[in-house]
Structures are given as structure tokens and as C-alpha cells.
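Top to bottom, those sequences are chains L, W and F. Here the numbering used here is used: position 31 in the first sequence is 31, and no number is missing along the way. Here the numbering used here is used: position 38 in the second sequence is 408, and no number is missing along the way. Here the numbering used here is used: position 349 in the third sequence is 1159, and no number is missing along the way.
Rather than coming from a laboratory, the hints here were simulated on the basis of the structure. Hints are supplied without guarantee of correctness; some may be wrong.
Quick list of in silico lysine to aspartate or glutamate cross-link-like pairs, DMTMM-like style, CA-CA up to 20 angstroms [what the hints assert, rightly or not]:
{"hint": "1", "chain 1": "L", "residue 1": "K204", "chain 2": "L", "residue 2": "D171"}
{"hint": "2", "chain 1": "W", "residue 1": "K758", "chain 2": "W", "residue 2": "E770"}
{"hint": "3", "chain 1": "F", "residue 1": "K816", "chain 2": "F", "residue 2": "D828"}
{"hint": "4", "chain 1": "L", "residue 1": "K204", "chain 2": "L", "residue 2": "D130"}
{"hint": "5", "chain 1": "F", "residue 1": "K1190", "chain 2": "L", "residue 2": "D158"}
{"hint": "6", "chain 1": "W", "residue 1": "K675", "chain 2": "W", "residue 2": "D707"}
{"hint": "7", "chain 1": "F", "residue 1": "K881", "chain 2": "W", "residue 2": "E785"}
{"hint": "8", "chain 1": "L", "residue 1": "K3", "chain 2": "F", "residue 2": "D926"}
{"hint": "9", "chain 1": "F", "residue 1": "K1190", "chain 2": "F", "residue 2": "D865"}
{"hint": "10", "chain 1": "F", "residue 1": "K881", "chain 2": "F", "residue 2": "D828"}
{"hint": "11", "chain 1": "L", "residue 1": "K204", "chain 2": "L", "residue 2": "D277"}
{"hint": "12", "chain 1": "F", "residue 1": "K816", "chain 2": "F", "residue 2": "D865"}
{"hint": "13", "chain 1": "L", "residue 1": "K3", "chain 2": "L", "residue 2": "D158"}
{"hint": "14", "chain 1": "W", "residue 1": "K675", "chain 2": "F", "residue 2": "E1208"}
{"hint": "15", "chain 1": "F", "residue 1": "K1190", "chain 2": "L", "residue 2": "D6"}
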Amino acid sequence: MLKPFDRQLQYCAYCPKLCRCACPVSNAEARETIIPQQKMQFLHLLHRGQLSWHHDFTQVLYACAACRACTSYCKHPVDVGPALLAGRAAAVAAGAGHPSLEDFDFTFRYRLPKLREAARAQLPKARFSDEAEGAIYPGCEAIATAPGDVLRTLAVLDRLGADYLRLFDGDELCAGYPLWAAGYSDAFRAHAERVARAFRRYRKIVCGCPACVHVLRRRYAEVGVRLETEIVDLTEFLEGFIGLIPVMQQVPELFFHDPCYLGRFLGNFDGPRRVLDALTPRRYEFSWNRGDSACCGGGGVLPRTAPLTAAAMAEARLSEVVEAGVSLLATACPTCKRRLGEAAARLHARDGGTAIEVLGLIDVLDRATS
Amino acid sequence: MSELLQRLVATVVGPQHVSTAAADLADYAPAGTPPPGDVVVWPASAGEIAQVLEVAKGNGAALLAVRRGTRRRAVGSTRPGSAPRPARPTVLVDQRRMTSVLHLDETSLVAHAQAGITGRALEEVLGRRGLTLGYFPLEAFALPLGALLARRRPELAAARVGPIHGACLGVSAVLADGLVVHSRVAPRHAAGPDLLQLLLGCEGGLGIITAAVLRVRRIPESRTLSAFAYPTVPGALEAGVECLRRGARLAALRVYDAADAARCLGDGGAEGPDVPAAGALLVCCCAGPTELAAAEARVLADAAKAFGGSDVGAAPAEHWWRRRTDSEEGPAAKDPDALVLPAPLPALAPLHAAVVSASTAAHARCRVSIARLHRGGGCVLVTLEGDKRSRERAHDRILEAAATIVGEPCDPLREATAALRAVLDPGDIMSPGSLAVAPC
Amino acid sequence: MPPAAKAGLVDALAQALDRTRISSAACDRTAYARDLWPRGLIGVAHGDVAPSPPDVVVWPETTAEVAAIVKVAVARGVPVVPFGAGSGVTGATWPTHGGIMLDLKRMNRFVALDGDALTATFECGIVGEHLEHELVRRGYTMGHFPSSIFCSTLGGWLAARSAGQASTRYGKIEDMVQGLEVVTGSGQVVRTGTSTVGPDWNQIFVGSEGTLGVITEATVRIARAPEVQLMRGWEFARPSAGLEAIRRLLQRGLRPAFVRLYDEIDTFIAHLGTSGPWRGRAGRRAPGPDGALDELRRAALSLAIPHVGPLARAALGLFDRVSRSGCLLVLGYEGDRALCTAEEQVGNAELVRAGGRDLGPAPGLRWLEHRYDISYKQSKVFHDGAFVDTMEVATTWEHLLEMYEAVKRAVGRHAMVMAHFSHAYPEGCSIYFTFVGGSSSRREAERIYDACWRDGLHAALGASGTVSHHHGIGLSKAGFMQEHHGELMAMLRALKRVLDPAGIMNPGKLGLP
Ligand SMILES: Cc1cc2nc3c(=O)[nH]c(=O)nc-3n(C[C@H](O)[C@H](O)[C@H](O)COP(=O)(O)OP(=O)(O)OC[C@H]3O[C@@H](n4cnc5c(N)ncnc54)[C@H](O)[C@@H]3O)c2cc1C
Ligand code: SF4
Ligand code: SF4
């Protein structure tokens, strides 16, 4: 399980901690134990049998949002996030997983039919189709927590003339990122196979969540699951409409937050910016942006294993928006939208000041085109 | 007691280099005050000082480093009269025979000299080799190195170096336990705290400096002088400081108010350069390799103009330069109507304003310059005019204002300093009473 | 640490700060058990990852909490070790006597910026890259770029007298410091920088490596963000010619920001390092001298392990190629456009006069691009059982070549040595020796390692050099403090007694008890 990471673990074990400044988790906690180099060193030692697989040590593997910020600072480069997730899988196998993720594979499976029920209840029935040229796959976060966003996505797609996209119909409304991140590798593979089977009914899937896209494109292949369906990220899809968007009004000035999975994993930094630039007169950049963007805290199932840290990360990310007194923040990932939105509400309740509204790319399009 | 001391000390330095004569001792006290010690000794080396120290220690006497000078002030006392004369006998150590230049390293541009040599004498030696300590106020050169370094003197600063301490790379000193220590000379180090900084500014209280290693520089190959007139003093100051902020390493710069400019820079002293009545004059010297000095002068001119200055030609600046090299320009130290008020950069403008309003309130007139500017600060130089009463009133009010703006001399770790003295000098032999100041 | 002092320590500390910010968990104790002292890395390669764990780790958030923690430590006689980011290379944060590890990184606020006075105030736990980033986005720079900028803190810089790559223009950290807030070893909070009488306390706490107190906040000089960076490479036949050129340049009053002269071997490494394919992100950072260090590593190993015949031959080949290459000088100006342009012109003429061959801007820009790369390469060296370390010593120009030769000879008896000259000043320069050695046995590797340091530092001191220019003393050079300072050590011991009467602050470092 860890074999492919051997070399990377060696690099980190003796590395002078060169990527430490990038890690949003250890920046939030200021704890040496969970800087990327230390997490990797612990994994190295566990792997080499110099430490025993016990929660005392395996806990450090869970202090990671799998955001890849460290990798931007690494010359080799080492992909710390995925390595640590592989470490979690080894921990789970050794019975030393994270207590808050106990039986996660079970709860995950149990949740799927509920997701489908929720989708069925809140989204237009007519739009579902169990077979289509193209379908929209919103991702579990949106279905579970923001069905309104999905409705808006459909409306915008209609306005753009993409009304041919149906809604994916099936139990497999989650691509399995949480299983991968929680280290349930067997369950992940099994789930991936199911998803692949369900996807066969569609030629093209437009996916509303870049983390899903990464998992579908990359992690499935890793566990030997091949997809025949073309996977398109929603942002990518929207880019195709630049120049054709029926803009009715410009959206006020806003910040853009790079989602880790859209940016560092899918490599799409310019796409969302190009879309936004067609819709707003002024787009602000965070000073940490693109490859250096700081994670919202939503990745790597961190909100489950370290909820306070995850919340602090989102708040830290907002500080620059607060400082600039700008009230809109756009992003392009349902998880980022949710985490940052919740943090903005907390900050507003706590400190007052300008309320920051967090929007997805779709929301911005919606405002501009209605 | 003093005879015994004299005899014992004479065995160390030779009878001709020690004295108890009232006439000799009087050299070390301001006129009309009793001498600060009973025996004066003129040693020739650090070793001799260490031996004299042993003698003093063995006889319950204290040791005070002193110099003969215009102000006849002991090196060891912070302010005249602040160090009460100890009840025990005191041996005065004057290093006036210790004037050798020990090593002139022209490769590294450092000079190693004994502490008794005056800046002026050292400058002469250096000048013959095309070297200089730098553009410090001439006042700095009047002092022997030991005295110069034993107190912190923010007012003795050069534009590129800052206060003259910054030029010191190392010292030798005699500690209270008789050890002669030498700080290791290097451009920089990372070997713990900079222990040299305990000896510099320690007023002889932690050790007596017997030699110093100073950075020197080559006399610049070219110099460009320029002058600009401004409507106000703060405007001129801001322009000068802006140049420093841009990273121009000007060799010297100074701001005159209209009155001081008229007085100091006119031909023959009467007619000053053309400065508006309420205005000010900024004079600057750029020095170094010719092209670089010229480029610095251009940057200066740009900044000067951007801040509302008008170029008035080089003549006033040349006048300034002649004066500053011929004699110490600005108020002479002994002039009771003159004040030298060092302050950090941001405090200079408020201090200037306070000086002006204090002297107006006291019905005195004042001429003001802001000089000795460097990245960390500068000095407001004030000369008071008017009748005696109002001058005195103005003098007091200005000092008061300066104290509120800049603060009194202080030591944030006063107790630690005292404790350090107690550890290093349990017998309180070295310059007793020194380093006793207010906490910050 | 005696068990009596340990008992109830966590409870006592809980009076000073929230329990969630106190830990004696096994993973935390392991993580704080070493810094980046290469001798420790030799241990790591042999499975010894926690040579010196603390008993407790605490994460204070305010100066008041720091003071309260120190007071608890005083009352119980427990050591306190301030911890920045643990990037030190001297063992300075090893809690050799156990006790409390005081991690300052939760104190990382940007407190104030004064654009007129050009100063900025930060809490000391702020990581270098974050600090510089905060300044840059406001149009300023600190001008402090240690190779460890990604992994070190302001407090660590101050405590260890750090130097950055642009030190020739901006100075070392001690030249930048304007004022400090310090919690002394007795738990008293003091502010330096305001003093006009007595010792310059800034310069006493700078370099104190946690032995006198905890630096909690600092005001430093900053500069406006440079308008231009004018980089250029030069080739000199020999190090001595390059050094002479640098000396003349600086003594004429020029202040380039970057000055680095590589000796023949180091030049060779530097060249190899930049020939690889560009990788990493968006061209910002690219891989370092992978191949080069590989070759060196193999060469060093072959020296250490004589029976590896083919490798030894490869090593000889390497030396042969190296001795035929010249020395690379990288020089760069930054700041105001007009001033820098003029400086570069004057400087170029000077370098040509001194026999330099102008290589154009490319090598300079390449160096700038790769300026932090080399540090990534040490992993492989250690993994293979070899070690690499650096010895940074300084002296005046008069003694520089003598020191260079002496140290090279002394260390060269045990390991492979190369050097570059960086951090140049009008009166002298520092030399940064890199040495690579090794053995398959830990004992033997450590013996060789210690011999390199022992002989190297004696040679440096004997040639009027310093024991360290910017890495500090810690444990590794503690034994050389007496030789460096001579009788002045008495003053350091006195300082320790006064500021840390209970002897709890980072005991065993700086050659202090
Ligand atoms: C790859 C690499 C490259 C490096 N390059 C350079 C370089 O170019 N220039 C350079 O100068 N150094 C360099 N170093 C050395 C190291 O980064 C410096 O010594 C740095 O200053 C240490 O900072 P830190 O925050 O990591 O301190 P730590 O290692 O945590 O601590 C160092 C010392 O300072 C003390 N300390 C830390 N914080 C405080 C505080 N707030 N108050 C009191 N004491 C404190 C500690 O107790 C310890 O004694 C490099 C190191 C590495 C690993
Ligand atoms: S990811 Fe790269 S930079 Fe970070 S610790 Fe590992 S080797 Fe070092
Ligand atoms: S992937 Fe992100 S959270 Fe994980 S170690 Fe790297 S920077 Fe930290």
C-alpha cells in the first residue's frame, strides 16, 4: 500500500522541513508534529516498523486536508497529501484508524440511498435520466447541503443553452472521495466499481465538484477501475461558454478562492478566472493564490477528524477579504463554498463588520444572467 | 593614603607617570569643583592598567577612567555631578599616553588603535593613507577613542554609519577582576550575544576600554554638493529623509531653517542664500565613485523637487561643506545657548516644532538646523538668541519638550545592568556610580 | 529532568495557559526531540529519531502566557527551551535536560508597520515566508532571505543571529533589529530598543539562543520593495581573484544585495545544478542540483569507503573536471532603479578591471530562480548513510584566504569540502564550507563528523576567524565558545546569572551550564 511512496517518504524523512510554511493545517495549529515533513517522517517510521501502528502516532496522518499546498513548495516533488491518505489506509488495515472515522465505510454506504432520496425530493424529477448523452453530477456535498445550488446550476445551464444535460440518476451520488480520504481502501475500490458501472449509462458526465473529478480521473485508475465515460469538470464546461454568456448585469467586485482540487489537482487556475472576468468589473486576488492558495479546511475529511482546525483554516482564509472590506467571495467547489460560507457567518456573528457572501461560479453566473 | 597609592602605582608605571599634585588632579574636574580622585596615573598599556587595578583593589581604592578635556568631565559619570564622589580613595586613569595606532589593515580597512588617541590624531594618520573614519561631526574627533566609545552618543553620527559606535568592530578592555579581554574581530559573528556591546557604552562600569578596532573607509574619489530651498523645515526634512528611504547612501545632509541658513551660509556670515522667510534649506553631499555620486545626486534632486524644493545651486552647500570641515559647525558644545538634541527620525519634525514653540513662548529667538541625519535618526541643533532671561527660559522649556518627545536617558534593564555590575565588579571598584540611570 | 520536578508539571502549567495548548503526547515529544543538526540526521538514518525529547510542549499565544510559563518553570526548576521552527542546525533546541518546549508559532501576528520610519513589528513566532509575504503585499521587504526562509521564524533568526542572502545590502538580522520584547529567565517582561544608557540590550538578546530569555516581539528595519533586481554572473580564474574583486567593489562604496563567489568545486556543483529539466510549479521554483550532489555523494562515499573501486575512480574523474573549471561569481543589485543602474555600471567596470569575465545576466537570474533549491537535496545524502553539513565562518579580508586554505585542509582530511563566499562586507567576508562524508556505521560516521568540526573550527579560529557567522552555536559549537571569546566568556556567564538566575533557560547551550 505504501510501496509506491517509499522514495517520497525518504525524501521527507531527512528534509529540512522546506514546505512547512505552506501547510494550512500546521499553520492553524502551529504544531511541529503535524507539519508535512513530520507527518511523513512518522509515516516513514511506521512503514519501516520503527514505530508501532498505534493511534498515538497514526493520529498525525489525519491532520491533513490533502490540499497539496506543500507539494507546491517541494522540489522533488513529493505528493504528501495522497501519501498520507495511503498511510491512513495502512492505519485502518492495522486497526489504528481515527476514532471519529470508525465504521466509516458502513456509514458511507448507508448514506447513499438517503442522498438519492434527498435528490429525488428536492430536484425536478423530469430532469433525472438513467441514460443520457450528457449528465450533470453535482457531487454529494451539494446534494446533501445545498440542493438550491443544484437547482441554480440547472437554471444557468438552461440559460446557456445546455439544457440537454440531464441529472445523473442512481444511488452512486458520491464518487467516493470521503472513502479514499478516510483510508477505507477496500470500500473505495468496491464503490468505484459501482460508480463506474453506473456511469456507463452516460457518454459524458459534467461534475460539479473538482474533488470528484480528481477521484474519478485519477484515483479510480490507481485502484484499477477504468471509466469509459468522459468526465468534465463544471468549471471546464462553463469555460466553453465564455463570449456566449448572456450577461444582463455585472456582478460587484469579488475575491476568487482557488479550490485545491480545481487548482493544484486538476491544474485549472485560469479557467475560473476567465469566467469571472466576463462577469465582474473587478476581481481581487488573495495574496496566497493559485498554486499557493490556502485550503478552506474542507479536504481530507479534516472537518471530521479535526473540526476546530478545519474551521480555523476557513476563518484564516477569509481574513484578507475582511481586511479589504469586500463583500463577495467566489469559488468553484461546493465544499469550499460551504466551508467558507459557514466561516463567514461565524466571523460576522462574532466580529460584525461587512458580511461576506460566498458564491459558487454558478451563483455568479446566475446573478449575471438573470 | 594617596601617597601610599602613589608609591605603589609608581612601581607599576614609573614615578613620572603618576601624580597627586592638585594642579594635575584639577585637570579632571570642571572649574570650581573638587577633583574626582586622589591620584592620577598615566599608564602606557592595558597591562599596566590591570596592575594599577590590582593595586587599587588591594588598597580599597576605586578606579575611574578620565580624560583631560575642554569640559573636564569624567568619562565615568553620566551627567556632571550625578556620580557622588566615593568616600574611598580613587585612582584616576588617564590613557593619554596610550595613543599608538597598533595596526592599520589597509586590506580590510580597519584600524586598531589604543584608547588614548584622539579621533583627530587618528584621522591624521589615516588621512596620510587616503583613509578616514567617515563624516562624523568634528566634535567626535576631539575625544580620545576610549571616551568616545565608553558612552553611547547618538548625537555623534554620520549618515552612512549612524552613531559612531557602529564603526567599532572590537575592543580590548580591562575588567574588574583584572583580566584583559579582547573581543574577537570579525565583520559579523553568530557566537552568542554581542559581548562587545557590554563594553561599549558601559561608562567604564563594566570594564575600561584600552584599545579599539574601527572600520575606516577610503576618502571618496568625488563629491557632489547640492542645495534646495523649501517653504518649510518639515518639508525639507521629509525630502532628505525620503532619499534615505529610497536607499541612497548620502554622505551627509542637513536642513537649515531660514535664520540658521542666513547666519551660517551667507558670504561672510551676513547675507544668507535665498531662502523664504519661513522656509528652509536642504544641503546634501553625495560622495563615492564619480558616476555613483552623480547618480545619487540625481535621485536626490528628483526627491527634492517632488517634495516641493527648488534647486538653489551648489554654492550654499559648498559653503556648508567648508564650514563643517574647517570647524565643527553649528552650536559649539560649550555654548550655553546651544542645544544638541538627538532623536529618532519620526521624532525630528515634532521636536523641531516643539523647539520653535517653546522658544516663542519664552520670547526668545532661535536658529535651528536638523543635522547628522542617518537611517535611524538625527539631531536638532538649536541656537538661542535674545535676552538672557528669555534664553534661559527657552532653554529649560526646550529640554522639557525634548524629554517628553524623545525621553530621558534611560536603561530598560536598569536592574539587570546594576546586577551585572555587581557580578563582574563585586567590590564596586570600576567607575563607582556609573550606569546609574532611570529605567525606561 | 528529576521526577519530582515533573510530577504535576502539566497541572501547574494549566494555570498559565489552556490545557488544549499543553501536551505530553508521545507524538509531540518525538516531533520536538531534535532540530536539523546534521549530527542528529545521522542518527535518524539509523533509526534514532527522538534523541532528546522534552517532557511537555506548550503553545502560548500571548506574552503574558509566556511569562507565566517561565514563572512556573522557575518555581519548579524545570528547563524551558524556546522553539521557533526547529530549523536550527546546531542542536540549539535539543532539550538535553528535558523540561518544557515552548513553541512560539502561535504568536505570529503582524503588529505594526511604519512606512515613514521603515520599521515593522511582528510577534516572533511568525515563519519567515509568511513575514516576507505580509511585507511584500504592502510594498515592502525585510530583505532577509536565509535559505531556510520557508522553515524558520523571526524569533529563531534573532536568537541565532541569522543572515540572509542579501545581507550585503540589508545586513544581518542584528543590523535590522530596532527593538525587542523579551521575557527574561525570571519571567519579567522587558522592552529593549529604548535604551540610551548602558549596554545595547538588543545586541545582547540577539544571539542568545534562548539562554537568557524568550523573545516575544520584535521591531525590525524594513525597506521598500525593490524596483529592480539586476543580476549578473562573472567568471574568475581563481577564488583569490574573485575575492579581490569583491573587496574592491565593496570598499569603493558599492552595495550589491547578492554577492556569492563559488570555489571551483562549488561552481561545478552550481553549474550542474541548473542544467536539469525545469519542473515544479509555473516556473517559479525548479529542481536543484540533483545530479551534482549525487556525484558528490558518491565521490564522498568512495573516499570514506575505500574498497568501492569504481566509485573512487569516478571521484577522481570528478576532481579532475572540477579543477579545470573557473569560479563563478553571482552579483546582484536591488532597490531604486536609478541608483542600482548606476551602481551596476560602476561595479561592472570594477569587476572587469579585476579580471572578471562577464557572463551576462543569465547565470545571475538562474541563481535567483534556484536560490533555495540546494536544501532539498540533502535527503538522499543522509539516506545513503553519508552526511552533509555546512560550516560558516568569517573573518576580515586580511585573513580570509588564510582561513579558506586552513579550513579546507583541516576538513579535507576527513571529508570532501567545497566552499562559497557569501555575506561580504567592506571589512571582510564569510566563507560557507560544505562538506560531505560518511560511513556505513553510525559510530564511525559520527566520529568523522565530529572530527570535521573539531579540526575545521580550530583551523578557522587559528586563522583569526569566527566560530560561526550565522548558524549560531547551540550544542554543536558550545565547546568552542571559550576559544572564540577568550576571557570575555566571563561576561557571558555573568549575563546568564543576572538574566536567568534559576538557570532554566535552554541549559547546556552556548557553552553555558
Ligand atoms: C536548509 C537550511 C538552510 C539554512 N539557511 C540559513 C541561512 O541562509 N541563514 C541563516 O542564518 N541560517 C540558516 N539556517 C539555520 C536556521 O534556519 C537559522 O538558525 C534560523 O535562525 C533558526 O530559526 P528557527 O525559527 O528555526 O529557530 P529554532 O531552530 O527553533 O531555534 C534556534 C535557536 O533559537 C532559540 N529561539 C527560537 N525562537 C526564539 C525566541 N522567540 N526567543 C528566544 N529564543 C528563541 C532556540 O531556543 C534555539 O536556541 C538554515 C537551516 C536550514 C535547515
Ligand atoms: S514534501 Fe518535499 S519539501 Fe515537504 S518535507 Fe517532503 S521533501 Fe521536504
Ligand atoms: S496536503 Fe495540505 S494539509 Fe496535507 S500536509 Fe500538505 S499542505 Fe498540509
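Tested hints:
Pair hint L:K204 plus L:D171 holds up; C-alpha atoms about 18 angstroms apart against a cutoff of 20 angstroms. Between W:K758 and W:E770, the direct Cα distance comes to roughly 18 angstroms. Compliance with the 20 angstroms bound is thereby established for this hinted pair. This hinted pair checks out: F:K816 and F:D828 have alpha carbons roughly 18 angstroms apart, not beyond 20 angstroms. For the suggested pair L:K204 and L:D130, the alpha carbons sit about 13 angstroms apart, so the restraint of at most 20 angstroms is met.
Restraint check for F:K1190 and L:D158: not satisfied, since their Cα atoms lie roughly 56 angstroms apart, outside the 20 angstroms limit. Restraint check for W:K675 and W:D707: not satisfied, since their Cα atoms lie roughly 34 angstroms apart, outside the 20 angstroms limit. A threshold of 20 angstroms between alpha carbons decides the hint, and for F:K881 with W:E785 the separation of about 18 angstroms falls inside it, so the pair holds. Simply put, L:K3 and F:D926 have alpha-carbon atoms about 56 angstroms apart, too far for the 20 angstroms limit, and the pair is violated.
At roughly 32 angstroms between alpha-carbon atoms, F:K1190 and F:D865 are farther apart than 20 angstroms, so this suggested pair is violated. For a cut-off of 20 angstroms, the pair hint linking F:K881 to F:D828 stands: about 16 angstroms separates their Cα positions. Using a Cα cut-off of 20 angstroms, the hinted pair L:K204 and L:D277 is violated, with the two alpha carbons roughly 27 angstroms apart. The hinted pair formed by F:K816 and F:D865 meets the criterion: a straight-line CA distance of about 8 angstroms does not exceed 20 angstroms.
Taken as a hint, the L:K3 and L:D158 pair is broken in the structure, with Cα atoms around 48 angstroms apart against an allowance of 20 angstroms. Our distance criterion of 20 angstroms between C-alpha atoms is broken by W:K675 and F:E1208, whose separation comes to about 44 angstroms. Proximity of F:K1190 to L:D6 is assessed by CA-CA distance (about 13 angstroms); at most 20 angstroms being required, the pair is judged to hold.
Figure legend: structure checked against the earlier numbered hints; hints not met, in rising order: 5, 6, 8, 9, 11, 13 and 14.
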